[in-house]
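Listed below are the residues making up each chain.
Protein chains: 2
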Amino acid sequence: MNTHVAPVELGKAYRLINHGPTVLVSASHDGVDDVMAAAWSCGLEAFPAKLTVVLDKSSKTRELLERSGRFVVQVPTVAQAKLTHAVGTRSLRDDPDKLKRCGVEVFRLAGHDTPFVQGCSAWLACRLIPEPHNQETYDLFIGEIVGAWADARVFQNGHWMFENAEPGLRSIHYIAGGHFYVIGEPLIVPTEGQV
Amino acid sequence: MNTHVAPVELGKAYRLINHGPTVLVSASHDGVDDVMAAAWSCGLEAFPAKLTVVLDKSSKTRELLERSGRFVVQVPTVAQAKLTHAVGTRSLRDDPDKLKRCGVEVFRLAGHDTPFVQGCSAWLACRLIPEPHNQETYDLFIGEIVGAWADARVFQNGHWMFENAEPGLRSIHYIAGGHFYVIGEPLIVPTEGQV
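For the protein sequence lines, the chains are A and B, in the order given.
The first sequence maps to residues 17 to 211 in this note's numbering.
The second sequence maps to residues 17 to 211 in this note's numbering.
Check before you lean on any hint, since a few could be wrong.
It does not matter which identical chain is used: a pair holds within one copy or between any two.
Stated by the list, open to error - Okay, derived cross-link-like pairs now, DSS-like style, lysine-lysine, Cα gap no bigger than 25 Å in a straight line:
{"id": "1", "residue 1": "Lys-28", "residue 2": "Lys-98"}
{"id": "2", "residue 1": "Lys-98", "residue 2": "Lys-76"}
{"id": "3", "residue 1": "Lys-114", "residue 2": "Lys-98"}
{"id": "4", "residue 1": "Lys-28", "residue 2": "Lys-114"}
Calculated from the structure, these hints are not laboratory results.
Next up, chain A with everything else stripped away, as it sits in the complex (with noise of 0.2 Å):
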């Protein structure tokens, strides 16, 4: 396991997924994991910390994270590029080795049972709130985010320091075919008595 996962508390968990990473979500039911791409995610609120993924009806991951009723969503880093469009392009219904054949480990964390995918900069354990309407209609999932956690060594005191860190843990972004940004510098707006 990576030895620099450290705890995020959860009032600023959004703050990891907050400038729109392509991310990867997890999940696992009845002995069986998988993993998949997702450009989809975003912030829904800050306290009780709650988070959107939209996921796709063709997806095995879908299907185990609508059982176990639990998944994790976390954040690939640059070294992962090639793993993320890998996951995010083949099917465990195509391919029962997929996990392997793409370069993912797993790992699980005290408490929950459900995969966390070795070597992202962090990760967000959820529980689904179930809405059905949303889901079938829309392929729209609202998680609750119950544990956080971050790679210390590029996220620290509830900030990102990516500018700090090497380059090879920078946040991706994907666009299409292939092509993802990096995440860049960073720019400070002068505020007023803001934290």
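Place chain B on chain A using the hints.
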């Protein structure tokens, strides 16, 4: 008006926000225009093109959007970081001169009675798909994208070209407390038979 505004086909409109930029949301009703910032906006469907956006109950923009059923989601640039933070922290309810004070200039496009913010890099004109439960419970709004445009200096042939455009046209990605990241460099994962 920005003379570089070029239409984007609706089937590729999702690409304008796929990389998770912070957006500006504008709406108008009964002669009143408002513009706010939103970190939580996300693609929902590629075609027919749809998106989601989270709008706090306190915002005047939300009220205008609910009354008119129309809104625009637009992508602000590095050059608009201060403007973006300003419209995200001031409310039209407290300051009737908000837009002027924040440096916002709007323009109209034929057939759309909604304000478009001058100087952005992309604009998505939306029709609200009423979902009262989502709106009340989660502050979550769903829009069908009925028109899309981009600044041709930075988005061409269905792809962002941040790396070839002036740096001031790059998208900005909010974290918290006036802290943004600018989108960075491209990263291409070779694909087989994909566009």
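Structure-based check of each hint:
1. In the homo-oligomer, the alpha carbons of Lys-28 and Lys-98 lie at most 25 Å apart only across protomers (23 Å), although the nearest pairing inside one protomer, at 29 Å, exceeds that limit.
2. For the identical chains of this complex, Lys-98 and Lys-76 are intra-copy neighbours only, at 20 Å inside a copy versus 43 Å across copies, given an alpha-carbon limit of 25 Å.
3. For the homomeric pair Lys-114 and Lys-98, the shortest alpha-carbon distance inside one copy (14 Å) is at most 25 Å, but the shortest distance between copies (45 Å) is not.
4. When the C-alpha separation of Lys-28 and Lys-114 is checked against a cutoff of 25 Å, the pair qualifies neither within a copy, at 33 Å, nor between copies, at 29 Å.
Of the numbered hints stated above, the single one contradicted by the structure is hint 4.
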